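Participant: Under our numbering, think of the first position of the sequence shown as 242, with each following residue one higher.
Be aware that one or more of the hints could be misleading.
[What the hints assert, rightly or not] Restricting the straight-line Cα-Cα distance to at most 20 Å, the calculated cross-link-like pairs of lysine to any residue (SDA-like) are:
1. 379 with 508
2. 282 with 303
3. 358 with 541
4. 379 with 518
5. 373 with 268
6. 358 with 548
Derived by calculation from the structure, the hints in this document are not laboratory data. Note that the structure is a prediction, hence the values are computed from the model and not measured.
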Amino acid sequence: MDKIKVGILGFGAFAERRLVPGFAHAGLAELVAITKRDAGKARERADHFKISHAYSYADMTKFLQTPGMEAVYVASANNVHATDTIDCLKAGKHVIVEKPMAMNAAECERMIAAAKKHGKELMVAQCLRYNKTVGHVKQLLESGKLGKPVTGKCDFHSDGSKSTRAWKYDAGVAGGGAAFDLGVHVIDTMRFITGLSITKARCSVLPRVRKPNGVDDVATFLLDFDGDFIATCESSFRTKRNLLLEIFGEKGYVRAFDWNENFRKVRVETEIEEKFSRYEVENDDMYAGEIDAFCRCIRGEETNPVPGAEGLANQKVIDLVNAREM
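Produce the entire structure from the sequences given, and follow the hints as far as they go.
Facilitator: Following this line, the structure appears as structure tokens:
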């Protein structure tokens, strides 16, 4: 069967560093087109990566007419996720959109409605769902070895002072700070692992201290889930890079920690019925897994694993940040 031809809308540093290798490792997709603000730079990067078609971001019509292209990976700035996604859906393209899905829940709802109206798939790119360590923790919980889950914790810290992407601190472009960039990961991961729904959410934030502008540097969420489970989810731009995932059940616990820069090797420890163990999990390219899942969805081989409703559920929680005074 032929590969699904996909274009990337918004070919920036993230796309080069994460998506190009992801498409190279994916077995079901072919990257055929990219867009950048500058047409000349788009052509140069396309030639560098041996991608057939390149366009200015402003030339959306030509991009969407790329021969044979069935789907679009929306990796543009957060503030245009909704308009870009809806334009692609109107043009008859299936869409996978980067997290956070949009700037607010209302935009997410419009994107979901557009996908339904035009009969196309809309998937949200929550890449950690395709991380083997996350999958391992989920399987361990589902096996019943930990017993009924009681509490959980998921943290994602990344030193924002080292980032070259200044737009992350621009609320008009990013929507928020650490919560929108990292918090959406940890909230989604906890929902995915437990399979439970959030019934109540509270949020505490610390504003940016370097050039204060109303964007959060740190956001901590306390989440109540159905099934008598509670969790804390923390995101931070003010501290050194770290990712922690813990689930405590009535029979034992699992902790995944010491994630390396590319999430390729992670230390895991468990204590189940007083038996302690520590080991490592080797991960592969989670973006490749995400892209292949999207293609199987388009082919009708599986149901959409992360539909727009999942992105909306996450968005409703991170929207709490912008409802606060900072």
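Participant: Each hint should be assessed against the structure and marked as holding or not.
Facilitator: Outcome of the hint check:
1. 379 with 508: Holds: residue 379 and residue 508 sit about 15 Å apart, inside 20 Å.
2. 282 with 303: holds (17 Å)
3. 358 with 541: Distance of about 18 Å is within 20 Å: holds.
4. 379 with 518: Given pair residue 379, residue 518 holds - Cα atoms ~17 Å apart, limit 20 Å.
5. 373 with 268: holds (18 Å)
6. 358 with 548: Given pair residue 358, residue 548 holds - Cα atoms ~15 Å apart, limit 20 Å.
Violated hints: none; the structure is consistent with every hint.
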